[in-house]
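K.L.:
Here is how the chains run, residue by residue.
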Amino acid sequence: MQRFILKNKNRITLLSAILIATAYISKWTVGNMEVFTWALIIASVIGALPIAIQAYQALRVKVVSIDVLVTIAVIGAFLIQNYEESAIVTFLFLFGAYLEQRTLNQTRSAIKELTEMAPESALKQMENGEFVEVEVDDVDEGDLLLVKTGAKVPVDGTVFSGEGYINEASITGESLPVGKEKDSKVFAGTILENGTIQIVADRVGEDTTFGRIIELVEEAQDSKSQAERFIDRFSKYYTPAVLILAFVVWFITKDVELAITLLVLGCPGALVIGVPVSNVAGIGNGARHGVLLKGSEVITDFSRVDSMVFDKTGTLTVGNPSVSDTIYYDDDSSEVLGYLASIERESDHPLAKAVLQEIGETAFYDVDNTEVVKGGGIVANVNGHRVTVGNVALMEKETVHLSDRALSDVEQLVKSGNSLVLTSVDGELKVLMGVRDQIRPGVKENLHQLKKLGVKNLVMLSGDNQGTVDVVSRELGLTEAHGNMLPEDKSAYIKKLQSEGQIVAFIGDGVNDSPSLALADIGIAMGSGTDVAIETSDVVLMNSDFSRLPHALGLTKATANNMKQNIIIAVGVVLVLFAGLLFSEWVSMSVGMLVHELSILVVILNGMRLLGFKLRS
Amino acid sequence: MKSVTIQLETLTCPSCIQKIEGALKGLDGVDRDSVKVMFNASKAKANFDEDKVSVEKIEESITKMGYEVKKSKVK
Numbered sequence: 010m011q012r013f014i015l016k017n018k019n020r021i022t023l024l025s026a027i028l029i030a031t032a033y034i035s036k037w038t039v040g041n042m043e044v045f046t047w048a049l050i051i052a053s054v055i056g057a058l059p060i061a062i063q064a065y066q067a068l069r070v071k072v073v074s075i076d077v078l079v080t081i082a083v084i085g086a087f088l089i090q091n092y093e094e095s096a097i098v099t100f101l102f103l104f105g106a107y108l109e110q111r112t113l114n115q116t117r118s119a120i121k122e123l124t125e126m127a128p129e130s131a132l133k134q135m136e137n138g139e140f141v142e143v144e145v146d147d148v149d150e151g152d153l154l155l156v157k158t159g160a161k162v163p164v165d166g167t168v169f170s171g172e173g174y175i176n177e178a179s180i181t182g183e184s185l186p187v188g189k190e191k192d193s194k195v196f197a198g199t200i201l202e203n204g205t206i207q208i209v210a211d212r213v214g215e216d217t218t219f220g221r222i223i224e225l226v227e228e229a230q231d232s233k234s235q236a237e238r239f240i241d242r243f244s245k246y247y248t249p250a251v252l253i254l255a256f257v258v259w260f261i262t263k264d265v266e267l268a269i270t271l272l273v274l275g276c277p278g279a280l281v282i283g284v285p286v287s288n289v290a291g292i293g294n295g296a297r298h299g300v301l302l303k304g305s306e307v308i309t310d311f312s313r314v315d316s317m318v319f320d321k322t323g324t325l326t327v328g329n330p331s332v333s334d335t336i337y338y339d340d341d342s343s344e345v346l347g348y349l350a351s352i353e354r355e356s357d358h359p360l361a362k363a364v365l366q367e368i369g370e371t372a373f374y375d376v377d378n379t380e381v382v383k384g385g386g387i388v389a390n391v392n393g394h395r396v397t398v399g400n401v402a403l404m405e406k407e408t409v410h411l412s413d414r415a416l417s418d419v420e421q422l423v424k425s426g427n428s429l430v431l432t433s434v435d436g437e438l439k440v441l442m443g444v445r446d447q448i449r450p451g452v453k454e455n456l457h458q459l460k461k462l463g464v465k466n467l468v469m470l471s472g473d474n475q476g477t478v479d480v481v482s483r484e485l486g487l488t489e490a491h492g493n494m495l496p497e498d499k500s501a502y503i504k505k506l507q508s509e510g511q512i513v514a515f516i517g518d519g520v521n522d523s524p525s526l527a528l529a530d531i532g533i534a535m536g537s538g539t540d541v542a543i544e545t546s547d548v549v550l551m552n553s554d555f556s557r558l559p560h561a562l563g564l565t566k567a568t569a570n571n572m573k574q575n576i577i578i579a580v581g582v583v584l585v586l587f588a589g590l591l592f593s594e595w596v597s598m599s600v601g602m603l604v605h606e607l608s609i610l611v612v613i614l615n616g617m618r619l620l621g622f623k624l625r626s
Numbered sequence: 005m006k007s008v009t010i011q012l013e014t015l016t017c018p019s020c021i022q023k024i025e026g027a028l029k030g031l032d033g034v035d036r037d038s039v040k041v042m043f044n045a046s047k048a049k050a051n052f053d054e055d056k057v058s059v060e061k062i063e064e065s066i067t068k069m070g071y072e073v074k075k076s077k078v079k
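Chains as they are written, first to last, in the working numbering: chain A, 10 to 626; chain B, 5 to 79.
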């Protein structure tokens, strides 16, 4: 019976509306007061039923909920035979709850889109060797699964056979399909765009990368900030306090109408819902734009950030050194490049990788008598020539003559932040290459946006030498830049900023910088989605996309403001209503309920604005 | 100790949270500190002792309050 009534709450609301309309029509047209009264009595009773049931259930678990206040108020109105008030108040309360549900679903839509991308079924190989469709919960690690074109990959796994192209946008944000063949890793929630593959399940359910992202976002949308926990505690005592106050007022004045009006006015509706609504809409917007924000505490902290500290390699720069300049000192160079490539092929130095990439395809020669000079380079015999590959110091050691032109080239390249690779053949300089870690495209504009959003200091910390660091810093317009820093130096630096009272965000790739990520007030990881960084940081930029950082900061600022607005609206409405009750005549029980329900809708609609938030450029 | 995650119908009033939390905490065998009802995700999470209380019993305590249980997962 109880369940039946609660299930049909919406129908009851509609019926109550019809009854109230009937009552007023009969009063105003034919002046029939009997129909008027009875229609309102029935509307009050059926409307009060679901509210009373909810109130009773709340009391049973020792909670004084809003339902309790409203039920007592309605019973009071009924007893003093004010059926107009009792009918309208119950209707407004039910109708308000209905609208609340509809609009709340809107604010949650962004996150719902994400969770609905989770795979639901899988084609699993059974004992007889056939593939049968099963629920994704029934897949265990080690199972062999079949994925057909257009289907979602159900688990994190390894390709066992077949090949195809997979769209990994749900994990990395990158929409270009990625080719997969035997032994490639595939991720749950990604879509096989063409081909057919069989995969072995490595991680299932909540342990998959996608499962972890969903869980993280779900936890985030319900995590509570300090202010919110305060409101929760407050409302726990607030509603009983209103109840007691109403009793006291009734006891002293014997004015039932005043007492029950107080009950309705005291409902804390907008206050308890205002902050969670902003929170869920803000985090939802982030999830849509590749920014994972871990909860409302993070939002509040990030919105007040003073200093942002960046790791250089992999964050501000691409992290993949490449050759920026090649200068030849001889007309015929193809043979020399072949010698160079042959030597570099045997080295695992990062610069060697960049050089090889630059040269591309070439003829290789046999290399012998290879000698590695620490902090200098390599000397070896290639094709009967003595070839030296390395820095200026090595050239001097090998008494290679550097012309004035070569020296000025060297100076030029060092100034613009290059590491140098010089190549000489039989004591004669042939080629000079400048290798540089490229600055990520768009980073300069992004940093400028951050500054405009109110970040005071933009600091770069790096393990590289001060010269390279200064070049990058000048190019990007940073406030400060420090080189030669070990991971522990970086965290010490962050500590120093914090001791000066600054709120510090650290942005890094999460692997070697985890102490700094953990120490900073806001740790921001450039995650490719598969990283452990997701776990340790407060904010994750999906697909390592630096350009999402200004959006993230702007969004947290907008969300924090939105929360404040909602608290002000909620508290303001209660104050105005109480003042109206004390100092004027216009506040009645139904007016109070109407204003309350309106204020709830206003805070929800206000929160919803965040879903469409975009950074103005 | 096992843990259960229960997917509920969409929760709309913050006071529902207090009610469901109260109901779960009132069950013998449910770890009171582990009870967590998530408003926006509309989920309830709790650790429980399977010798003292069953998942069915936990679900029932929620449905009795008028909230629909959509799915529950025990780990």
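Honestly, I wouldn't trust all of these hints.
[Claimed, not checked] Pairwise CB distance ranges, derived in the manner of DEER restraints:
id, chain 1, residue 1, chain 2, residue 2, range
1, B, E72, A, K362, 55 to 63 Å
2, B, V59, A, K191, 39 to 47 Å
3, B, K29, A, V265, 33 to 41 Å
4, A, G138, B, K77, 28 to 36 Å
5, B, K77, A, V257, 16 to 24 Å
6, B, K29, A, A26, 49 to 57 Å
7, A, Y65, B, K29, 38 to 46 Å
[Stated by the list, open to error] Think about it this way: if two alpha-carbon atoms lie no more than 25 Å apart in a straight line, the pair counts; the simulated DSS-like pairs of lysine-lysine are:
id, chain 1, residue 1, chain 2, residue 2
8, B, K79, A, K71
9, A, K16, B, K75
10, B, K68, A, K18
11, A, K460, A, K406
12, A, K460, A, K505
[Said to hold, decoys possible] Take a look, some chain A residues computed to stay more than 10 Å from chain B by CB distance:
id, residue
13, R12
14, L113
15, N114
16, R117
17, V143
18, T205
19, V281
20, I282
21, D341
22, V468
23, G476
24, I576
25, F592
Since the hints were derived computationally from the structure, they do not count as laboratory data. In this text the structure is predicted, and so the values were computed from the model without any measurement. Ideal Cβ placement from N, Cα and C applies to all residues, glycine included.
K.L.:
Take the hints in turn and mark each one as holding or not.
P.N.:
Hints, verified against the model:
In this structure, E72 of chain B and K362 of chain A meet the distance hint of 55 to 63 Å, their C-beta atoms being roughly 58 Å apart. Range check, V59 of chain B to K191 of chain A: about 41 Å between beta-carbon atoms, so the 39 to 47 Å window is met. Between K29 of chain B and V265 of chain A the CB atoms are about 36 Å apart, so this pair conforms to the stated range of 33 to 41 Å. Between G138 of chain A and K77 of chain B, the C-beta spacing of about 30 Å keeps the proposed range 28 to 36 Å intact.
Under the hint 16 to 24 Å, the C-beta atoms of K77 of chain B and V257 of chain A, about 48 Å apart, miss the expected range. For the pair K29 of chain B and A26 of chain A, the beta carbons lie near 37 Å from each other, so the given range of 49 to 57 Å is not met. Restraint check, Y65 of chain A to K29 of chain B: a C-beta distance of roughly 18 Å breaks the suggested window 38 to 46 Å. Our distance criterion of 25 Å between C-alpha atoms is broken by K79 of chain B and K71 of chain A, whose separation comes to about 30 Å.
For the hint linking K16 of chain A to K75 of chain B, the alpha-carbon distance of about 18 Å falls within 25 Å, and the restraint holds. Under the criterion of a C-alpha separation no larger than 25 Å, the hint pairing K68 of chain B with K18 of chain A is consistent with the structure, at around 16 Å. For the proposed pair K460 of chain A and K406 of chain A, the alpha carbon gap of about 47 Å is over 25 Å, so the pair is violated. At most 25 Å may separate the alpha-carbon atoms for a hinted pair to count; K460 of chain A and K505 of chain A meet this at roughly 21 Å.
Not every Cβ of chain B is farther than 10 Å from the Cβ of R12 of chain A; the closest lies at roughly 6 Å, contradicting the non-interface assignment. Annotated as non-interface, L113 of chain A brings its C-beta within 10 Å of a C-beta of chain B; the closest such distance is 6 Å. Residue-level check failed: N114 of chain A sits 6 Å from the nearest beta carbon of chain B, not beyond 10 Å. Look at R117 of chain A: its CB is around 6 Å from the nearest CB on chain B, not clear of 10 Å, so calling it non-interface is violated.
At roughly 16 Å from the closest C-beta of chain B, the C-beta of V143 of chain A stays outside 10 Å, upholding its exclusion from the interface. The claim that T205 of chain A is not at the interface with chain B holds, since no C-beta of that chain comes within 10 Å of its own (minimum 30 Å). Look at V281 of chain A: its CB is around 4 Å from the nearest CB on chain B, not clear of 10 Å, so calling it non-interface is violated. For I282 of chain A, the shortest C-beta to C-beta distance to chain B comes to about 6 Å, within the 10 Å cut-off, and the non-interface label is violated.
The beta carbon of D341 of chain A sits about 69 Å from the closest Cβ of chain B, which is more than 10 Å, so the claim that it is off the interface holds. Every Cβ of chain B is farther than 10 Å from the Cβ of V468 of chain A; the closest lies at roughly 35 Å, confirming the non-interface assignment. Its beta-carbon lying about 50 Å from the closest one in chain B, G476 of chain A satisfies the requirement of being farther than 10 Å from that chain. For I576 of chain A, the requirement that its beta carbon stay farther than 10 Å from each beta carbon of chain B is met, with the minimum near 14 Å.
F592 of chain A, annotated as away from the interface, keeps every beta carbon of chain B farther than 10 Å; the closest lies near 30 Å.
Of the hints listed earlier, those the structure fails to meet are numbers 5, 6, 7, 8, 11, 13, 14, 15, 16, 19, 20, in rising order.
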